[in-house]
Structures are given as structure tokens and as C-alpha cells.
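Listed here are the chains, written in short residue letters.
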Amino acid sequence: MSDTQANTAIDSLPELLAHALAMETEAAERYEELADQMETHRKAGVAAIFRRLEKEEKAHLVELNEMCSRYELPHYAPWDFKWATGESPEAIAIDQVSYKLSVRGAVELALVHERRACDFYAGIAQRASDDEVRILASQFAAEEREHIGWLESCLADCGPDDGAIDDPDPPLSQE
Amino acid sequence: MESCAQKKAYKAKDYKSDLKPIWCPGCGDYTVLNSITRALAELALPPEEVAVVSGIGCSSRIPAYTSVYGFHGVHGRALPVATGLKLARPDLTVLVTGGDGDGFSIGGNHFLHACRRNVDLTYIVMDNQVYGMTKGQASPTTSPDWEGSKLTPEGTGINPFQPLVVGLASGANFIARVSASDPINMAQIIVEAIRHPGFSLVQVLSPCVTFRPEQAEWRDIVRTAVVDYTDDAARAARRLMTDDGFNVGKVLFKGSRPPFRPEFEHTDGSVAELEARFAL
Ligand SMILES: Cc1ncc(C[n+]2csc(CCOP(=O)(O)OP(=O)(O)O)c2C)c(N)n1
Ligand code: SF4
Ligand SMILES: [Mg+2]
Numbered sequence: 001m002s003d004t005q006a007n008t009a010i011d012s013l014p015e016l017l018a019h020a021l022a023m024e025t026e027a028a029e030r031y032e033e034l035a036d037q038m039e040t041h042r043k044a045g046v047a048a049i050f051r052r053l054e055k056e057e058k059a060h061l062v063e064l065n066e067m068c069s070r071y072e073l074p075h076y077a078p079w080d081f082k083w084a085t086g087e088s089p090e091a092i093a094i095d096q097v098s099y100k101l102s103v104r105g106a107v108e109l110a111l112v113h114e115r116r117a118c119d120f121y122a123g124i125a126q127r128a129s130d131d132e133v134r135i136l137a138s139q140f141a142a143e144e145r146e147h148i149g150w151l152e153s154c155l156a157d158c159g160p161d162d163g164a165i166d167d168p169d170p171p172l173s174q175e
Numbered sequence: 176m177e178s179c180a181q182k183k184a185y186k187a188k189d190y191k192s193d194l195k196p197i198w199c200p201g202c203g204d205y206t207v208l209n210s211i212t213r214a215l216a217e218l219a220l221p222p223e224e225v226a227v228v229s230g231i232g233c234s235s236r237i238p239a240y241t242s243v244y245g246f247h248g249v250h251g252r253a254l255p256v257a258t259g260l261k262l263a264r265p266d267l268t269v270l271v272t273g274g275d276g277d278g279f280s281i282g283g284n285h286f287l288h289a290c291r292r293n294v295d296l297t298y299i300v301m302d303n304q305v306y307g308m309t310k311g312q313a314s315p316t317t318s319p320d321w322e323g324s325k326l327t328p329e330g331t332g333i334n335p336f337q338p339l340v341v342g343l344a345s346g347a348n349f350i351a352r353v354s355a356s357d358p359i360n361m362a363q364i365i366v367e368a369i370r371h372p373g374f375s376l377v378q379v380l381s382p383c384v385t386f387r388p389e390q391a392e393w394r395d396i397v398r399t400a401v402v403d404y405t406d407d408a409a410r411a412a413r414r415l416m417t418d419d420g421f422n423v424g425k426v427l428f429k430g431s432r433p434p435f436r437p438e439f440e441h442t443d444g445s446v447a448e449l450e451a452r453f454a455l
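Residue numbers (my numbering), protein chains in the order written: chain A, 1 to 175; chain B, 176 to 455.
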């Protein structure tokens, strides 16, 4: 099992949907949060990457919510989800960003997390014994691959840097 | 996991206001806000039955970013305001949020007496060992050799304040330390803190990425505490004596002291009646 796959088997449709709903909601909200942070700090280029991903996740959520409304989903406390990671695999940890983040750095960070999401669904598809779960998890993994494809094309367009820009005006401690 | 019948009615987002936080990207306080809202959703507390009270500082901005009742008060005075609110409105769940400067310098005396009084409050202190909002001065929890501020170029040379030791000695009824690098664990501990009666103290190692950039390393330094909580204050004190400040993720102490909950005679709530009670 890779460190991004579920730490125990998910083998029923309601379980899969509950995890997908939590993961996609957190991803959409986190991208929104990061886009807002970057806009507040006048980082328009980086904000645009996160904003675009927020929109993608929200569009995906509309379909997912519609699908979920047809099932009784189990309730999970935040710490009961079967993520192998702390937060859900697609959500970028807040402490991974900084005001020095470059566009390239943002794309690379998002790529890591979209790949984690894809791995998560692919792992379920691989191990589930229920046919419906396998099919739906594969479909979700394919959707994540679309985001990966878009990010890979962004990365190809990015200039070389190490993911962070130099700060010409570093924070000054008050005297 | 609970059954469908127990499905919760609130989402974490329901507890956030429309105001966008202006913290520096990467600041630990974002994570604390997210953990608080996750905890409130898990407890399914109606927003109108919750209040968040704070003083002044970056960390003290939390009430503005929540949809529950909020009071962004005077520097160092969050605890007395929250105490008054809880006594007047015992039906509310009252959280207090703030920083190490707000809580342990200017508000230090209130901290001692809030622990001693043991009113049913949950105090979440975002400890970044610095005054973030005023651009990086040493706070009571700063280590003596930190040379990052021009006000203390050779460090303060003063032993840091130990919030959990002081909290325990002063009578706090619930004590825990968590890390902003583990938001899910933090949410779980906040749920426990709110559920536990009396004064609950939660110290959050919440990096100030701007004035203490080296705190980014906390993520790798912290370790999950190996022992579970005790209800024996002497044992908790002994554990704290050998603690280096980086044991996180578990409750350290859960006491059983009954919360301070004075019963007031029934009044009609009028100012005239209040004046009559306090007339000399
Ligand atoms: C009475 C008063 N004294 C001093 C200040 C200046 N002041 C504002 S925030 C702050 C310290 C905040 O530090 P902390 O509570 O650790 O919050 P952080 O910004 O680090 O989250 C100080 C001294 C003030 N606002 N009011
Ligand atoms: S100055 Fe420090 S504490 Fe304040 S918002 Fe920035 S990183 Fe957070
Ligand atoms: Mg501080």
C-alpha cells in the first residue's frame, strides 16, 4: 500500500461516497482558502492557479453531491476517515505554502496532491471486491487524472525556479 | 463511525464568516481556525449557541473569521470577558482564543485566576513564542537565547514561561498540547476540551512563519506524547517537569474539580434590580 492510499479497505458505495465527498469538499475549500490568501498578498499568478483548481473541484462537487443524495451516507468524525495521511490526501497542508511561493511552486504542490487523490481512488479500485465500488473509484481516479494533465501542461509552461521567489522586501522586526 | 440516523447537521464551513483572513500564508493560525470549525461541526453545536472571545494579536483575530458570536476585545482581557459571558449565559459554549503575548504577558494575571476559578471555558492559545502582530518581539514563552528581535539582540536571557505547568498549578481542569501541523488531531482534542467541564487549556504550537521562520521545523520536531492523560495532578506535574515542549497530540491532564457556576437568585434582569443588589 502506498502512503497515499486508504489505510483500510473501503468496500461499499456509501463508504466510498462519504470519503469522496469529504475529500473533494476539503480540496475545494482548501484551494479557495489558498487562492484567497494569495490574492490578499497580491500574488495574482499563484492565486489564479489555486482559483482554477477551486472551480474544478466545485464543479466536480456538484455532480458528487447529486450522486450522494441518492444514498444514506455514514457519518465519520474527521479523525475516523480512512486516509493514510492526516488531512484528506488532496488538501494541501496550510504550512506548505508561503508568500514566497512561485507559480511553479504552486503547480508542483498541487500536482503532488492531485496525484495523491488519484492514488487514493486507484488503490480502492484495485482492492475493492464490490464491482460498483471498483467502477466508481476508477471513474474518480480518471477525473483526478484530468487535473493532473492540466497541471502538467502548466508546469511545462512555467519558467525554471526552485518553487520560491526571492523576497526583495523581507519582514523587518520592529525596533 | 456513526449510523446514518446520527448524521450531523453542520459542516465546518458553516462556522466560518465571509471575512477572508489576512494572516500571512503558511501561518499556523489558519489551521487552528480550521480545527475549531471542524470541532464545532463534529459537536453539531448550533452557531447561535457558541461564542468566541479574544484579545489582541494575529491569533486574536479568530472571532472575526467565525460565524458564531464573537468578541474581539482588549489586549490581555479575553479571559475576564469570557468569564463574565459564561456566568451570565451558561447555556453558551464559550471558547477563548489568543496568543502567548495576549495570554501570558499582559493577560498573565487573568490567566492564573481563570485557571483557579475553573469556569467552564475552553482556552486555545496559539503559542508562536513571539508577538507576531507588532512585528516580532520576544514574548513570555520565547527562549532566552532568541536573537531575532532588535529589542533583545542578545536574547532576553530570561527563562520562558511554562503555560502548562502554571496552568496545572493554578487549577486548570483540562490540559493538552497540540501542533498546528496536525489539524485533525487538534480538532479531536478541541472536541474533548469543550466536552470536559471546567477550564480547559489547549496550547497550540502555531508557527509564526514571518517573524520566526525557523518554527517551520516544528512540524518535524514534534512527537506524539507516549502516555495517555492522567487525572492525578501530581503525576501530570512530574511529566511536565521532564517535558521539552514538543510532546503533542494527547491530553495531559483531566481533572474532576467541579466548575465554578454561581447560582444567582432569580431576577427580572433589569438594571434597577442590579443596582439595588449592589447598593451600599
Ligand atoms: C494595551 C495594549 N498594549 C499593547 C498593545 C500592542 N500589541 C498588540 S498585539 C501585541 C502582542 C500580541 O502577541 P500575541 O498575543 O502572542 O499574538 P500573535 O500576534 O503572536 O498571535 C501587542 C503587545 C495593544 N494592542 N494594547
Ligand atoms: S505575523 Fe506571524 S503570527 Fe502574524 S499572521 Fe504572520 S505568520 Fe501569523
Ligand atoms: Mg504570539
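Since the hints were derived computationally from the structure, they do not count as laboratory data.
Be aware that one or more of the hints could be misleading.
Stated by the list, open to error - Derived contacts from chain B toward chain A, CB cut-off under 7 Å, selection only:
{"id": "1", "residue": "Ser192"}
{"id": "2", "residue": "Lys195"}
{"id": "3", "residue": "Ile197"}
{"id": "4", "residue": "Pro200"}
{"id": "5", "residue": "Gly201"}
{"id": "6", "residue": "Thr206"}
{"id": "7", "residue": "Glu217"}
{"id": "8", "residue": "Lys310"}
{"id": "9", "residue": "Ser324"}
{"id": "10", "residue": "Asp357"}
{"id": "11", "residue": "Ile359"}
{"id": "12", "residue": "Thr385"}
{"id": "13", "residue": "Arg387"}
{"id": "14", "residue": "Arg436"}
{"id": "15", "residue": "Pro437"}
Said to hold, decoys possible - Below, computed lysine-lysine pairings styled on DSS-like, alpha-carbon distance capped at 27 Å:
{"id": "16", "chain 1": "A", "residue 1": "Lys82", "chain 2": "B", "residue 2": "Lys186"}
{"id": "17", "chain 1": "B", "residue 1": "Lys325", "chain 2": "A", "residue 2": "Lys58"}
{"id": "18", "chain 1": "A", "residue 1": "Lys82", "chain 2": "A", "residue 2": "Lys58"}
{"id": "19", "chain 1": "B", "residue 1": "Lys191", "chain 2": "A", "residue 2": "Lys82"}
{"id": "20", "chain 1": "B", "residue 1": "Lys186", "chain 2": "A", "residue 2": "Lys100"}
{"id": "21", "chain 1": "B", "residue 1": "Lys191", "chain 2": "A", "residue 2": "Lys58"}
{"id": "22", "chain 1": "A", "residue 1": "Lys58", "chain 2": "B", "residue 2": "Lys310"}
{"id": "23", "chain 1": "A", "residue 1": "Lys100", "chain 2": "B", "residue 2": "Lys310"}
{"id": "24", "chain 1": "B", "residue 1": "Lys325", "chain 2": "B", "residue 2": "Lys195"}
We treat Cβ as the ideally placed atom computed from N, Cα and C, and that holds for glycine.
query = Taking 27 Å as the top limit, are the C-alpha atoms of Lys325(B) and Lys195(B) close enough?
reply = Not satisfied, since the Cα-Cα distance of roughly 31 Å exceeds 27 Å.
Hint consistency between Lys58(A) and Lys310(B) [alpha-carbon to alpha-carbon, up to 27 Å] = violated, 37 Å
query = If you draw a straight line from the CA of Lys191(B) to the CA of Lys58(A), is it 27 Å or shorter?
reply = holds, 18 Å
ask   = Can Pro437(B) be said to touch chain A, with a Cβ gap under 7 Å?
value = Since chain A brings no Cβ nearer than about 34 Å to Pro437(B), farther than 7 Å, the hint is violated.
request  = With a cut-off of 7 Å on the beta carbons, see whether Ile197(B) makes it to chain A.
outcome  = Where the cut-off is 7 Å and the nearest Cβ of chain A is about 6 Å from Ile197(B), the hint holds.
task = Hold the hint about Ser192(B) up to the distance rule: shortest CB distance to chain A must be less than 7 Å.
result = Violated - the Cβ of Ser192(B) stays beyond 7 Å from chain A, reaching only about 13 Å at its closest.
query = Measuring from the C-beta of Gly201(B) to each C-beta in chain A, is the shortest one below 7 Å?
reply = Nearest chain A Cβ about 4 Å off; hint holds.
query = Does the structure keep Lys82(A) and Lys186(B) at a Cα separation of 27 Å or less?
reply = holds, 19 Å
inquiry  = Does the closest beta carbon of chain A sit nearer than 7 Å to the beta carbon of Ser324(B)?
reply    = Interface hint status for Ser324(B): holds (5 Å vs cutoff 7 Å).
task = With a cut-off of 7 Å on the beta carbons, see whether Glu217(B) makes it to chain A.
result = holds, 5 Å
query = Within a Cα-Cα threshold of 27 Å, do Lys100(A) and Lys310(B) meet the stated pairing?
reply = holds, 18 Å
request  = Decide if the proposed pair is consistent with the structure: Lys186(B) and Lys100(A), CA atoms, cutoff 27 Å inclusive.
outcome  = violated, 32 Å
Going down the numbered hints, you'll see the structure goes against 1, 13, 14, 15, 17, 20, 22, 24, while the others check out.
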